[in-house]
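**Q** Each chain is listed here by its residues.
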Amino acid sequence: MRTVAVVGASLAGLSAARSLRKQGYDGRLVVVGDELHRPYDRPPLSKEFLAGTLGEADLALETDDEELGVEWLLGARATGLDRTERAVRLADGRALRADGIVIATGAAARGLPGSEGLAGVHTLRTLDDARALRDELAAGGRLVVIGGGFIGAEVASTAYALGLDVTVVEVASTPLAGPLGETMGAVVSGLHTDHGVRLLCGVGVKGLGGERKVDAVLLEDGRSLPADIVVVGVGARPCVEWLEGSGVALDNGVKCGADGRTSLAGVVAVGDCANWYDPRAGAHRRVEHWTGALERPAAAVATLLAGGAVEPGTPRPPYFWSDQYGVRIQFAGHAAGADSVTVEQGAVDDRDVLAVYRRAGQPVAVLGMNQPRLFTRWRKQLATA
Amino acid sequence: MMIPACRLADLPRGEATRLDIDPPVSVFHTDEGELFAIDDTCTHQDASLADGWLEGCEVECPLHASKFDLRTGAVDAPPAKLPVRTHEVAVEDGMIYVRLSTDAPNLPPCVAARLAGGPA
Ligand SMILES: Cc1cc2nc3c(=O)[nH]c(=O)nc-3n(C[C@H](O)[C@H](O)[C@H](O)COP(=O)(O)OP(=O)(O)OC[C@H]3O[C@@H](n4cnc5c(N)ncnc54)[C@H](O)[C@@H]3O)c2cc1C
Ligand code: FES
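Chains A and B, in that order, are what the protein sequence lines are. Here the first sequence stands for residues 0 to 384, where the numbers follow numbering that gives the first Met the number 0. Here the second sequence stands for residues 0 to 119, where the numbers follow numbering that gives the first Met the number 0.
Just chain A, with the same shape it has in the complex:
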């Protein structure tokens, strides 16, 4: 293999480039990214960076002395993958021929249809998004967050600490019920009301009010919430449009094996865009978490370099953390399919909890709020279960 192209220059792409070099690949290595920035870390964008306690330099994912021998093609968007030419087509008309291709194009924030061009309305996915939101939050006012998922909750928590008046609107009856289940979703989202942040559940958003600048969020039940700033946190979609018609099978992202192998030989997928087969769950999952984007490229790269001839090991259970209102939330495993949740340590009212999800008596997931030590033990137990 003489040229490998990594498409997507963020955590999963950088991690793939590192794994390639670590596993002995010494050929040409090109990383393509449509943003102009070198790889930076996203989790602080809704936390310390938004709060102003971390600067842009702190977000860099590369270290100062890192020598990966990478050709960076930044500000370059991939628009197609040509299987016969084995080439990645770029928006400016260039084509990048490569023997091996790593797809790492991540996900993009979903917007609210009809809100385009309305000032004061934000999504949060990129550094540029975060800069714009940070500057606006600094002016203060009334913030309405649409979506009570992790990003929405973190923005609400950060804005609350900055002194804004915050309301969170969630269409489901319990926020976070998808990833955490009803019971623990209610406990974690209780953090909002603990702090006097209004949480409106079970009501959808009909639209936004305002001419050039947003001034209200209009709810389906007829209410209107006055707003100076609106953050739309309604999830992300995988960035895979550029692969349509390429022969790479798509289904909620790039459909791939546990080791990232796609339907095309010599092409693997990693990170938020990859819908990989999880043997533990017996199903494909697209997991939008940091740790997977960091760790899973090692296996994908091994597959790529070995021409698909390696057996994938069992991946660790998915893990993520979230920081809200000074509470460290950690979760590992799959809550879906659990038939019981028990609090093993702490008390839900204190928001100091270690909860274990079980299915037929077997632990399948674990949630910690301010319980890093116990959480780590349980996480380890899950991995070996």
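Don't read these hints as lab results, they were simulated from the structure. Note that beta-carbon positions come from the ideal geometry of N, C-alpha and C, so glycine has one too. It is possible that some hints are incorrect.
[Stated by the list, open to error] Straight-line distance between alpha carbons at most 16 Å, and here's what the computed EDC-like set of lysine to aspartate or glutamate pairs gives: (1) A/Lys212 / A/Glu70; (2) B/Lys80 / A/Asp63; (3) A/Lys379 / B/Asp30; (4) B/Lys80 / A/Asp57; (5) B/Lys80 / A/Asp64; (6) A/Lys46 / A/Asp127; (7) A/Lys212 / A/Asp227; (8) A/Lys254 / A/Asp277; (9) A/Lys21 / A/Glu65; (10) A/Lys379 / B/Glu14; (11) A/Lys205 / A/Glu115; (12) A/Lys254 / A/Glu287; (13) B/Lys80 / A/Glu66; (14) B/Lys80 / B/Asp45; (15) B/Lys80 / A/Glu287; (16) A/Lys379 / B/Glu59; (17) A/Lys46 / A/Asp134; (18) A/Lys379 / B/Glu57; (19) A/Lys46 / B/Asp92; (20) A/Lys379 / B/Glu54; (21) B/Lys66 / A/Glu294; (22) A/Lys46 / A/Asp128; (23) A/Lys21 / A/Glu61; (24) A/Lys21 / B/Asp75.
[What the hints assert, rightly or not] According to the in silico footprint, chain B covers these stretches of chain A (three or more CB under 8 Å from chain B): (25) 285-295; (26) 375-382.
[Claimed, not checked] Label pairs and their in silico Cβ distance ranges: (27) B/Gly55 / A/Gly23: 12 to 22 Å; (28) B/Ser100 / A/Thr78: 45 to 55 Å; (29) A/Gly246 / B/Arg12: 48 to 58 Å; (30) B/Arg12 / A/Gln344: 43 to 53 Å; (31) B/Gly55 / A/Val309: 19 to 29 Å; (32) B/Met94 / A/Thr192: 47 to 57 Å; (33) B/Ala115 / A/Thr192: 28 to 38 Å.
Position chain B with the ligands against the provided structure of chain A, taking the given hints into account.
**A** Chain B with the ligands alone, transformed into the frame defined by chain A:
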């Protein structure tokens, strides 16, 4: 300076114990039976590595997955970028002792600011 940590018999393999000195230091007993001491605070944020995931000669930070080599203190991947300090370990009469390094520690920005008396 030699600091007594705990009795070897009280630190099973696969476990770590934290010394509440400033900055805190942790002693790890690996599954293979080796002993190592490193600064306990991750260089990325305020997390205790003694709470982390021990595998071979590496500990994974309990928060964001950076791994530190217990032998050298080196870090493998982001978000942490700086190594942790390592300290010498000795066992005498069944007691574990740590000889503190005289190097400057690599503390995360939030902890360094707190120790300097600045804003957290
Ligand atoms: C605000 C925020 C907070 C988060 N907080 C947490 C947290 O607390 N804990 C946690 O576990 N996870 C968190 N995450 C999730 C975590 O950041 C992601 O899982 C991780 O960034 C995924 O990395 P990735 O490289 O797969 O994708 P991305 O980071 O999305 O990177 C993909 C890159 O590819 C580029 N790209 C897309 N299409 C093209 C194309 N056609 N051509 C060229 N380049 C392209 C994109 O511009 C982007 O730079 C957070 C995410 C956000 C946005
Ligand atoms: S606190 Fe250790 S990696 Fe972030």
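**Q** Each hint needs a verdict: does it hold in this structure or not?
**A** Consistency of the hints with the structure:
Taking the CA atoms of A/Lys212 and A/Glu70, the gap is about 42 Å. The hint is violated against a cut of 16 Å. Annotation: proposed proximity of B/Lys80 to A/Asp63 holds, straight-line Cα distance about 9 Å (limit 16 Å). Under the criterion of a C-alpha separation no larger than 16 Å, the hint pairing A/Lys379 with B/Asp30 is consistent with the structure, at around 14 Å. A distance of roughly 10 Å separates the Cα atoms of B/Lys80 and A/Asp57; the hinted pair therefore holds under the 16 Å criterion.
Between B/Lys80 and A/Asp64 the alpha-carbon distance is near 10 Å, which keeps this suggested pair within the 16 Å criterion. Pair hint A/Lys46 plus A/Asp127 holds up; C-alpha atoms about 15 Å apart against a cutoff of 16 Å. A C-alpha spacing of about 8 Å is found between A/Lys212 and A/Asp227, which places the hinted pair at or below 16 Å, so the restraint holds. Between A/Lys254 and A/Asp277, the direct Cα distance comes to roughly 11 Å. Compliance with the 16 Å bound is thereby established for this hinted pair.
Between A/Lys21 and A/Glu65, the direct Cα distance comes to roughly 12 Å. Compliance with the 16 Å bound is thereby established for this hinted pair. Distance restraint check for A/Lys379 and B/Glu14: the Cα-Cα separation of roughly 13 Å lies within the 16 Å cut-off, and the hinted pair is therefore satisfied. For the given pair, A/Lys205 sits about 15 Å from A/Glu115 by alpha-carbon distance, which is consistent with the 16 Å threshold. About 14 Å separates the Cα atoms of A/Lys254 and A/Glu287, which keeps this hinted pair within 16 Å; it holds.
For a cut-off of 16 Å, the pair hint linking B/Lys80 to A/Glu66 stands: about 14 Å separates their Cα positions. Between B/Lys80 and B/Asp45, the direct Cα distance comes to roughly 14 Å. Compliance with the 16 Å bound is thereby established for this hinted pair. Our distance criterion of 16 Å between C-alpha atoms is broken by B/Lys80 and A/Glu287, whose separation comes to about 23 Å. Under the criterion of a C-alpha separation no larger than 16 Å, the hint pairing A/Lys379 with B/Glu59 is consistent with the structure, at around 11 Å.
For the given pair, A/Lys46 sits about 14 Å from A/Asp134 by alpha-carbon distance, which is consistent with the 16 Å threshold. The suggested pairing of A/Lys379 with B/Glu57 holds, with an alpha-carbon distance near 14 Å, which does not exceed 16 Å. Restraint check: the Cα-Cα separation between A/Lys46 and B/Asp92 comes to about 48 Å, which exceeds 16 Å; the hinted pair is violated. With a C-alpha separation of about 10 Å, the suggested pair A/Lys379 and B/Glu54 falls inside the 16 Å cut-off, and the hint holds.
With a C-alpha separation of about 11 Å, the suggested pairing of B/Lys66 with A/Glu294 holds against the 16 Å cut-off. For the hint linking A/Lys46 to A/Asp128, the alpha-carbon distance of about 13 Å falls within 16 Å, and the restraint holds. A threshold of 16 Å between alpha carbons decides the hint, and for A/Lys21 with A/Glu61 the separation of about 15 Å falls inside it, so the pair holds. Only pairs whose Cα atoms come within 16 Å are accepted, and A/Lys21 paired with B/Asp75 is accepted, the gap being roughly 11 Å.
Counting residues of the segment 285-295 of chain A whose CB lies closer than 8 Å to any CB of chain B gives 4, so the stated coverage by that chain holds, three being the minimum. Closer than 8 Å: that is the beta-carbon criterion, and the segment 375-382 of chain A has 3 residues meeting it against chain B, so the requirement of 3 holds. For the pair B/Gly55 and A/Gly23, the beta carbons lie near 21 Å from each other, so the given range of 12 to 22 Å is met. One distance hint, 45 to 55 Å for the beta-carbon pair B/Ser100 and A/Thr78, holds here, with the actual separation near 53 Å.
At about 50 Å, the beta-carbon gap between A/Gly246 and B/Arg12 stays in the expected band of 48 to 58 Å. Checking the proposed 43 to 53 Å range against B/Arg12 and A/Gln344 shows it is violated: the Cβ atoms sit about 24 Å from each other. Judged by the Cβ atoms, the range 19 to 29 Å given for B/Gly55 and A/Val309 holds: they are separated by roughly 21 Å. Separated by about 51 Å at the C-beta atoms, B/Met94 and A/Thr192 satisfy the suggested range of 47 to 57 Å.
At roughly 36 Å, the beta carbons of B/Ala115 and A/Thr192 sit within the given window of 28 to 38 Å.
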